[in-house]
Amino acid sequence: MKVVIIGNHAAGISAAETLRRGDASCQIVMISTEDTPPYSRCLIPMLVSGEKSLREILYRPATFYDDMNIETMFGVEAIRILVKEKAVLLSDGRQIGYDFLIIANGGTPSLPRIPGIENEGVFGFRGLDDAQRIIEYCENVEVVGVLGGGLVGLKAAVALNKRGKKVKVIVGSPNVLSQIIGPHEAGIYERYLSELGIEIMMRTNPAAVLGDGQVEGVESTEGLKIPCQMVVVGKGVDANRALVHDTGIKTEYGVVVDDHCRTSVPDVYAAGDIAQSRDDVRARLWMNSLWPFAVEEGRVAAENVLGWDTTLRPRTSMNSFTVGELCLITCGLTGAREEIEGAEEITTTGPGKNDGRRFVVKDNRLVGFALVGDVRHAGVLTSLVTRGVDVSGIKDEIITGRYSFSTILPLVRDNPGKFTAPEYHEVLGSF
Amino acid sequence: MGKSKIYFDSEKCLGCHSCEFACAVAHSVSKDPHKAHLEDELPIRRRNVELVEGACLTVGCRHCDPAPCVDACMAGAMQKNNETGVVSCNLDQCVACWMCVMVCPFDAVQPGKVHALKCDMCDQREGGPACVEACITGGLFEATPQQFVETVQARKKTRNPEPEK
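Residue numbers (our numbering), protein chains in the order written: chain A, 1 to 431; chain B, 1001 to 1165.
There could be a bad hint or two in this list.
Here are some, though not all, of the chain A residues that point toward chain B, as calculated from beta-carbon distances under 7 Å [what the hints assert, rightly or not]:
id, residue
1, S40
2, V295
3, E296
4, I329
5, V375
6, E423
7, S430
Each pair of labels, with its calculated beta carbon distance range [as the list claims (entries may be wrong)]:
id, chain 1, residue 1, chain 2, residue 2, range
8, A, G393, B, E1150, 30 to 36 Å
9, A, R113, B, Q1124, 53 to 59 Å
10, B, Q1079, A, L54, 18 to 24 Å
11, A, K395, B, K1012, 30 to 36 Å
12, B, D1123, A, D390, 36 to 42 Å
13, A, R413, B, T1158, 18 to 24 Å
Bear in mind the hints are in silico, worked out from the structure with no lab data behind them. Remember, predicted model here, so these are calculated numbers, not experimental data. We put the CB at the ideal spot given by N, CA and C, even for glycine.
All chains should be modelled from the sequences, with the hints used to inform the complete structure.
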């Protein structure tokens, strides 16, 4: 059996590990544009901030590919999938045949189409090459303009702030993290970031990057000129779909996959940021690009290649974000990104000055939450959101923050069809 | 598979919290019950005894397979040992991102001051898991999943004996 994996990050590495664990002899080929040891993209901010070295952001040994007996074709791009021939066409003209294919080639930072965006000194914030170029370029930079107040933008802002740069975050929305939290929780972050010395400019949209060849500033749509010598863009990621264009592999925002991570074409799987998969709260396909899902999808894709017939866990949007001592965990519909008809939104503050909670309840179901500050026991709430169980009996405990696993144990017992992991049976078996 | 895990029998639990105390001591610097509570940073337990519907429950890490926290770990710190089945957190690698806290369905990973805290099956401890050793009633015990299923089934049988013909 020959399995070709396109991509060597969270999803691709997870798929390769799973395959090797399940089948010592199968042939595994990994294709990637990057020729790097297995580093963690999520730790890129710590490389840029100077907290960690390249060696320290490796999440598997540098000898991983040899240890796992993986053939690597690195430094080339997979430009097209030849479905009929069961082969992948590479940028250097070679064709690599496969029995099974796992597409895990991720996404690319999307840059706004504004004048001057091609200037020297404009960077995305995703891969190792971005980080290395940022580190080199920012040596002679005093002020950095960050476009976007989402997770990527804020991570870039905090990293460059730690590196000693003056950072100005240019945010279109009325508050930071507007896709995942409301103004109430965002205010806690805005205050915290300001205390670090990061300037946040809300309701400001970039119209142009200034400078003749090199970045000299950003001009807003209202004509405000913001001087800076470097621009980092955190305006979302586009799935790298070009290689499946016109192949019959179904795409929407990404490559559409089912519960087994199968695409619409036999023997072709997709995993990670390229994949668009089920969202149990929204009850539709959704781009939930997140490390935990990438790893899970890579594993599930590989397990199905091995014939194990496994499926993805219940899932929805979620994220965890920590700056210094300030933590945030969000899950499901938080009422920030989309209006939820008929939902009740409950927000609480305290006891600490940086503690804030938001719960969204609809039809007696917890459909989302955001915890700022105290994030303990978050996983218990996550399991309720993703499974859509009736929480009317424990609503008070939830909104007053008195929840733990014992709070939900009766729900686990009474909803065996929803809490299916064998580990739940272990706990119930003894209760 | 003969990998052993910690199981719990609610009928034998008195709610005495001995398991919590032993766990905290086992994860202290001194490992001494008389000194542990005097350390600069109070040792933190990785197991909780709580009341549910009038009975006691002590719950800790289930060392899930596959484990959501291992999938979620962006730093490669949370790893499952495929030989022993133990899920543990490599403290040197943990970056305190709390992805594990976000996904753990059993509330068994806590955000610590500098890294995630969870049950490590006392893998460095000679006598095995301290909580099991401390449980005077045998409410906590080590068993393989197969042995546990047999125990549960045997109990069901004695409670609901099949009607005699």
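Violations among the numbered hints: Violated hints: none; all satisfied.
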